[in-house]
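Each chain, letter by letter, is given below.
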Amino acid sequence: MKNNNLSKMDLKKSLNHWKKEMYDKALENASPKQREYSTVSGRKVKAIYTPLDLDGFDYLKQSGFPGDFPYTRGIHPTMYRGRLWTMRQFSGFGAAEDTNKRYKYLLSHGQTGLSVAFHLPTLMGIDSDHLLAQGEIGKCGVAVDSLADMEILFSGIPLDKISTSMTINPPAAVLWAMYIAVAEKQGVSPGVISGTIQNDILKEYIAQKTFVFPPKPSMKLIIDTFEYGAMEVPRWNTISISGYHIREAGSTAAQELAFTLRDGIEYVEWALERGLDIDEFVPRLSFFFNAHNDFFEEIAKFRAARKIWADVMSERFGAKNPRSMWLRFHTQTSGVSLMAQQPYNNVIRVAIQALAGVLGGTQSLHTNSLDETFALPSEEAVTIALRTQQVIAHESGVVNCIDPLGGSYFVEKLTSDMDREVKDYIRKIDDMGGMVKAIELGFPQKEIADSAYWYQKAVEKKEKIIVGVNAFKMKHEPIPILNIDEDVTKQQLARLKEVKKTRDNSQVREKLRDLKKAAEDEQNLMPYILSCVKAYATLGEIMDSLKEVFGEYKEPVTY
Amino acid sequence: MTEKKLRVLIAKPGLDGHDRGAKIICRSLRDAGFEVIYTGLRRTPEEIVNSAIQEDVDVIGLSILSGAHNVLFPKIMELLKSKGADDITVIAGGIIPDKDISPLEKIGISQIFLPGSSTQEIVEWIKENVRENNSK
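So the protein sequences, as listed, match chains A and B.
First residue of the first sequence? That's 1 in our numbering, and the numbers climb one at a time after it.
First residue of the second sequence? That's 1 in our numbering, and the numbers climb one at a time after it.
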């Protein structure tokens, strides 16, 4: 002990000496002088980190071993030695036929899971023939109005072998029901299928803004899917609690983590209130984070995320099942960091961000394509994005050793700082009465808007440099991009019309009436939604029936 | 000589909820001394044109990232014309492919700001171009 203190004092003395006699002197001749260094989130960074920054660091308590509490170094004992992350490119455009073709292309080139991007009308729970759908059909993703589209989307893809992630929120229960129905038609039982629905409404109110119902009925519907999944579809992740969109909307790294984990706590509390068993449903919760530009800060964010969730599960909720404590997450590289100027530079940004996700121990990864500031990715661009992951996995050597940056003074300090800041935010939101309350107060929304504004100003003052945008500029040269044929609209509207004509309409009306009644009686709605879907009721019809009971959310307009 | 503050409507047509850019533009224009009105998300062309007329704005700034600009922008321009409000300057920003820019300019969108444009650039553009067009 005495020796330890002595060596600490010696180290302090040496550090001060180095700082004064070597670093500061060398800096005097440097240009620019006295610059302050900070991360993309505005976090100050020192020139060097030493054991002094980790004073009181307890290896077993703060890091531990991979696969063991508190999981800072990874949730699995073998990490990428046992199995690489799932390479899962988010993809969807045009009509179901177009996207089905792209899925088969990606699978044949080594992609290992599917990830469905729906077009905006589907994301909002309206049909392609709705007034607000004009101009949007097949643009931002694939058009799905009814089970008929879903059948085409997955035709020839064995749902017992492929896992599928679906980015869908207010209508998540409906699209999930369609997927279950398609699997059944392939002869695959719900007990076998695996995948994820995003189903995270809280971050919609906070950042992504795809909302339909008010918070309370939205939360009810989500807990319905937890309950149904735990019983009937045990291999399905019934939620992907998402920080991605919070970060894209402009939050800092710490805010992304804090709001996402507090959202997670909110879902757990609502599910416990329903009477669900913590160690039965929590293992099916998954997370989704952004991999932004600031390499070390991002890695620390992922490490801290695992530790905080494990702490919260064991201390706050008394979970016993280790799987309840595992924070399993998907990562996507940062869309906002991509630039329209000199778009080929985006390949490099994506590679660095993807590397951070891998060094952070992600379970699955989407790498953005270089052309996404203009349109959905072309086949060529998405191939480069997938190849980026394969180069990291098979050539860089970073998968050889688990959590290779664990023990770095800098990364460990960032990790413990992040841990503290996030827990402070969580306490603050607890004091407000929880996340639904905090959202009603506009708290996370305001924090994010402030951070976004700060960053924009920092870029404009050139405190933050963006290559090709505020430095190293060149004349803009257009690149080839994917076009969505306007014929998709005609095709989609024709199919919708055909479905409505050929189905048993009296059965549809009956099933929709049953659904509405069940919503009024506050029953679990999943079985009713499944019946509607199988009768080819459209997404819009199902959501409209629920709107009649639940009402619609109106966002206060502020900036 | 007292100068009337320019009035700007920042509008979000289309179904996407990406309002980071729109909100930053609103704050920046307000800080630069403009009167700013923000429509909020998912406004139809009719709603946007009606707000612009009711609020008597000099500029409409359209922000869209959904890909529906080729359908929605022409509708907005036609409505402005049919309601005799085509003296309002219309600018736009968001995810807009290069090949769409010139057709959109042809239907009367005065300027399109691509990702990476600075708020200062937009402020200056409005100051230079709008004062001349419809100073009242």
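A portion of the hints provided could be inaccurate.
With a straight-line Cα cutoff of 25 Å, these simulated DMTMM-like cross-link-like pairs (lysine to aspartate or glutamate) come out [to be verified]:
(1) A/Lys464 <-> B/Glu124
(2) A/Lys457 <-> B/Glu128
(3) A/Lys428 <-> A/Glu463
(4) A/Lys209 <-> B/Glu124
Listed below are several chain B residues computed to face chain A (Cβ distance under 7 Å; list not exhaustive) [said to hold, decoys possible]:
(5) Ile37
(6) Tyr38
(7) Leu72
(8) Asp98
Hint data in this document are derived by calculation from the structure and do not stem from the laboratory.
Everything numeric in this text was worked out from a predicted model, so none of it was measured.
Just so it is clear, CB atoms sit at the ideal spot from N, CA and C, and this is done for glycine as well.
Hints and how they fare:
1. For the given pair, A/Lys464 sits about 22 Å from B/Glu124 by alpha-carbon distance, which is consistent with the 25 Å threshold.
2. Restraint check for A/Lys457 and B/Glu128: satisfied, since their Cα atoms lie roughly 22 Å apart, inside the 25 Å limit.
3. Under the criterion of a C-alpha separation no larger than 25 Å, the hint pairing A/Lys428 with A/Glu463 is inconsistent with the structure, at around 30 Å.
4. The straight-line distance between the Cα atoms of A/Lys209 and B/Glu124 is roughly 30 Å, outside the 25 Å bound, and the hint therefore fails.
5. Here the hint on B/Ile37 is broken, as its CB sits about 10 Å from the closest CB of chain A, past 7 Å.
6. With its C-beta approaching chain A no nearer than about 5 Å, B/Tyr38 sits inside the 7 Å limit, and its interface hint holds.
7. Contact between B/Leu72 and chain A, as hinted, is supported at the beta carbon level, the nearest pair being about 5 Å apart and thus within 7 Å.
8. The interface hint given for B/Asp98 holds, since its Cβ lies 4 Å from the closest Cβ of chain A, which is under the 7 Å cut-off.
In the structure shown, a violation is registered for the earlier hints numbered 3, 4 and 5, in ascending order.
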